[in-house]
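Student: Next come the chains, spelled out residue by residue.
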Amino acid sequence: MKCGTAYKELAAYTRNELPAERQQELGRHVGECQTCRQRLAALRAVDGALRALPREEPPAETILAARRLLSAEIRPPPESEVLTLDEVAAFLRIEPEELGPYVEQLPAFELGGRIRVRRSRLLEWIEQRERQFGSGGAAGPALRFWPVEPWKGVAL
Amino acid sequence: MASRRNDIQPQPLTDDDLFLMFREGQADAFDVLFDRHYVSVYNFARTMLRDASAAEEVLQETFLAVARAARTYEARGTFRTWLLRIARNRSLNRLDAQRARRQVLADDPAGLALQYPSREPSPPQRAMGNEQVQLVKRAMLALPDRQREAIALYAFEELTYQQIAEVLDVPINTVKTLIHRARAGLAEALDGKIGPG
Chain A
1 MKCGTAYKEL AAYTRNELPA ERQQELGRHV GECQTCRQRL AALRAVDGAL
51 RALPREEPPA ETILAARRLL SAEIRPPPES EVLTLDEVAA FLRIEPEELG
101 PYVEQLPAFE LGGRIRVRRS RLLEWIEQRE RQFGSGGAAG PALRFWPVEP
151 WKGVAL
Chain B
1 MASRRNDIQP QPLTDDDLFL MFREGQADAF DVLFDRHYVS VYNFARTMLR
51 DASAAEEVLQ ETFLAVARAA RTYEARGTFR TWLLRIARNR SLNRLDAQRA
101 RRQVLADDPA GLALQYPSRE PSPPQRAMGN EQVQLVKRAM LALPDRQREA
151 IALYAFEELT YQQIAEVLDV PINTVKTLIH RARAGLAEAL DGKIGPG
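Order-wise, the sequence lines are chains A and B. Following the working numbering, the numbering of the first sequence begins with 1 at its first residue and continues without gaps. Following the working numbering, the numbering of the second sequence begins with 1 at its first residue and continues without gaps.
It is worth saying that the hints were derived from the structure and are not from the lab. You may find that some hints are simply not true.
Ranges between beta-carbon positions, derived for each pair [as the list claims (entries may be wrong)]: (1) E124/A / Q9/B: 44 to 54 Å; (2) A6/A / A69/B: 34 to 44 Å; (3) E73/A / P144/B: 31 to 41 Å; (4) A65/B / P76/A: 14 to 24 Å.
DSSO-like, lysine-lysine: derived pairs with alpha carbons at most 27 Å apart [claimed, not checked]: (5) K193/B / K8/A; (6) K176/B / K8/A; (7) K176/B / K193/B.
Keep in mind the model is a prediction, meaning the values are calculated, not measured. All C-beta atoms, glycine included, are put in the ideal place defined by N, C-alpha and C.
Excised from the complex, chain B in its bound form (with noise of 0.2 Å):
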C-alpha cells in the first residue's frame, strides 16, 4: 500500500502563482489567467458601461495593462481585485469620454433596452425567464452607478467585502451601505414582479 508521503495531490495554481510564471517569461501562463478571468472582466465592464462593443474593448485594454504593468503587481493573493480594478478604471475614462459626447440614455429605457440585449440564452440549470432576466437588469441599470458596481461585485463576482473595497477604492462601511441600498433599490423596483428566488 502506498505510504501517504508518497500520495500527494499536487495544489492547483493560484492567480499569484500563474502570475509570477509569466513576469518570469512563460506566457502561456498568461493565457490560463486570461481564461480565468476575461468572462469576469467582460461583465464587470457590461455592468458598468451598459454598452457591449466598448465592454469588449475595456476587455482588451484590461488584459493589456495586466500584460504590460506586470512589474507593478505585488503577489498578495490580490490578483483577481487588482484586475478589476484596472478594468473599473478602464470604463471609467471611457464613461468620461462617452458622457462629454453625448447624453446618458439613463432618460429613454427603450434605448436601454436596445442597448443591453441578452446575447446568450439562460443555461438549463438556472430556469429564470428571459422577462424575469430583462426585468432584473433593467433594475440594475437604473441604480446609481456605484450602487450598480458594488452589488455586480458582490452578487456576480461574490467578492468579499474587503475585496469590494479595494476595487472601489472605497471604505468597508461605504460597501456595505452601497449593498444594502442597491438591494433594497431592486427590491423596491422588482417587488411583486419576479417570482421567489
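Chain A extracted, bound-state conformation (with noise of 0.2 Å):
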C-alpha cells in the first residue's frame, strides 16, 4: 500500500522537528509502515554519507598564491616616496571614502588627472595638525587625557 507521508516530512521528524503532537503521530505510523521504514534508512545512509564525504584540499599552489597575496595586503610593502590617494588613506589608518573632505587641504600634486602625495610634504602637514590639536586648537584639551588602549571603543 502506498504510503501518503511525504519524504520531507520524515526528514523533519529524524530531527525531532516537527510539531509535537504529528512528531508522535508518525512515530507510531513508522512502526507499521513498510515504506517509510525504508526512506528514514535512507536518510540515516544519506547522513552518514555526507559525514563520510571528504572535504577538499585546495591546491598547494593556490595557498601559497592566497598566503603571498595577503601578505602584501596585511604587511605594508617597503615606503615609496609618492603615495596615491588610496595610500594616504592607508597611511593615515582611515578608509578611503573618508578622505574626502581632507583632500583638497592635503600637499597634493596632479599628474595626468590622477593626484599624487609626497610622504614627507605629507608628514609636515601631519605635523602641522599636530600642532592644532595640542595647542586646544579645534579638539580642544579634553582629548589630551589618552586612554591606555585606544582601541577600546575610542573613534579616532
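Combine the two chains into a complex, taking the hints into account.
Tutor: Set out below in C-alpha cells:
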C-alpha cells in the first residue's frame, strides 16, 4: 500500500522538528509502515554519506598564491616616497572614503588627472595638524588625556 | 603540591581574539585565521560554484575582503558566519557573471562529472569508495542552489540553524525547510545506491 507521508516530513521527523503531536503520530505510523521505514533508512544513509564525504583540500599552489597576496595586503610593502590617495588613507589609518573632506588640504600634486602626495610633505602636514590639535585648537584640550588602550572603543 | 590557582590552562585563542589582534596590527594573527578557515571557505565556494578554479579565486577574494573590512566586523563570536557570508556573496557575484556568459552545465551530467573531480583520495578512516563519493557529490550538485548551500553548511561546516540563517540571510524556519528538502532529495536520488552510513 502506498504511503502518503512526505519524504520531507520524515526528514523533519528524524530531527525531532515536527509539532509535538505530529511527531508522535508519525512515530506510531513509522512502526507500521514499510515504505516509511525504508525511507528513514535512506535518510540515515544520506546523513552518514554526507558525514563521510571528504573535504577538498585546495591545491598547494593556490594556498601559496593566496598567502602571498594576503601577506602583501596585511604587511605593507617597503615605503615609496610618492603615495596614491588610497595609500594616503592607509597611511592615515582611515578608509579611502573618509579622505574626501581633506583632499583639498593635502599637499598634493596632479599628474595626468591623478593625484599624488609626497610622503615627506604629508608628514609635514600631519605635524601642522598636531600643533593645532595640541594647542587646544579645534579639537580642544579634553582629548589630551589619552586612554591607555585607544583601540577599546574610542573613535579616532 | 602546586595550588590550583597556579595551575591555569591558557584558553585557546578564539577567532575574535585573533581578529582583534590583527586589527591592532598583528599580521600573524590573520595568518592563523586563514589557516583555520581556508578549507571551509574553499569547500563552500566549490559547493556553490561547481568549479575548482573559480572556488580558488573566491578563496583569495574572500580573505582579501576580510583583511580590508577589518573595521566593519563586530566581535560577537560570529567570525565564521561573517566569513562564510562574504564567501557566499563573492560566489553569487561570480555565478551571476557565469550565467550571463554561458549555459549552466546542469543539463550535461558528463560535463558535471568532469567539472567536479575529487582531487584528494579519501582519508583512511573514512572508508567510502570513490564511486559512492561521486554519487553523493553528483546528487548534491543536482539539488536546487539554496538547498545545496544549506545542506553543505549543515553537514560539512556543522553550523547551527541560527548560523546558517545568518550566512544565507533567511529566517530559521526557511533553513529547516531547505535542509529537510535537501535531505529528502538526496535520499530519493541515492536510495538503494549507497550503503549504510
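Student: All hints are to be evaluated individually against the structure, with a verdict given for each.
Tutor: Consistency of the hints with the structure:
1. E124/A / Q9/B: 44 to 54 Å: This hint holds: roughly 51 Å between Cβ atoms.
2. A6/A / A69/B: 34 to 44 Å: About 42 Å separates the Cβ atoms of A6/A and A69/B, which means 34 to 44 Å holds.
3. E73/A / P144/B: 31 to 41 Å: For P144/B against E73/A, whose Cβ atoms are near 36 Å apart, the range 31 to 41 Å holds.
4. A65/B / P76/A: 14 to 24 Å: 18 Å, holds
5. K193/B / K8/A: Given that 27 Å is the threshold and the Cα spacing comes to 19 Å, the pair holds.
6. K176/B / K8/A: Given that 27 Å is the threshold and the Cα spacing comes to 10 Å, the pair holds.
7. K176/B / K193/B: 26 Å, holds
Hint compliance for this structure: every hint is met.
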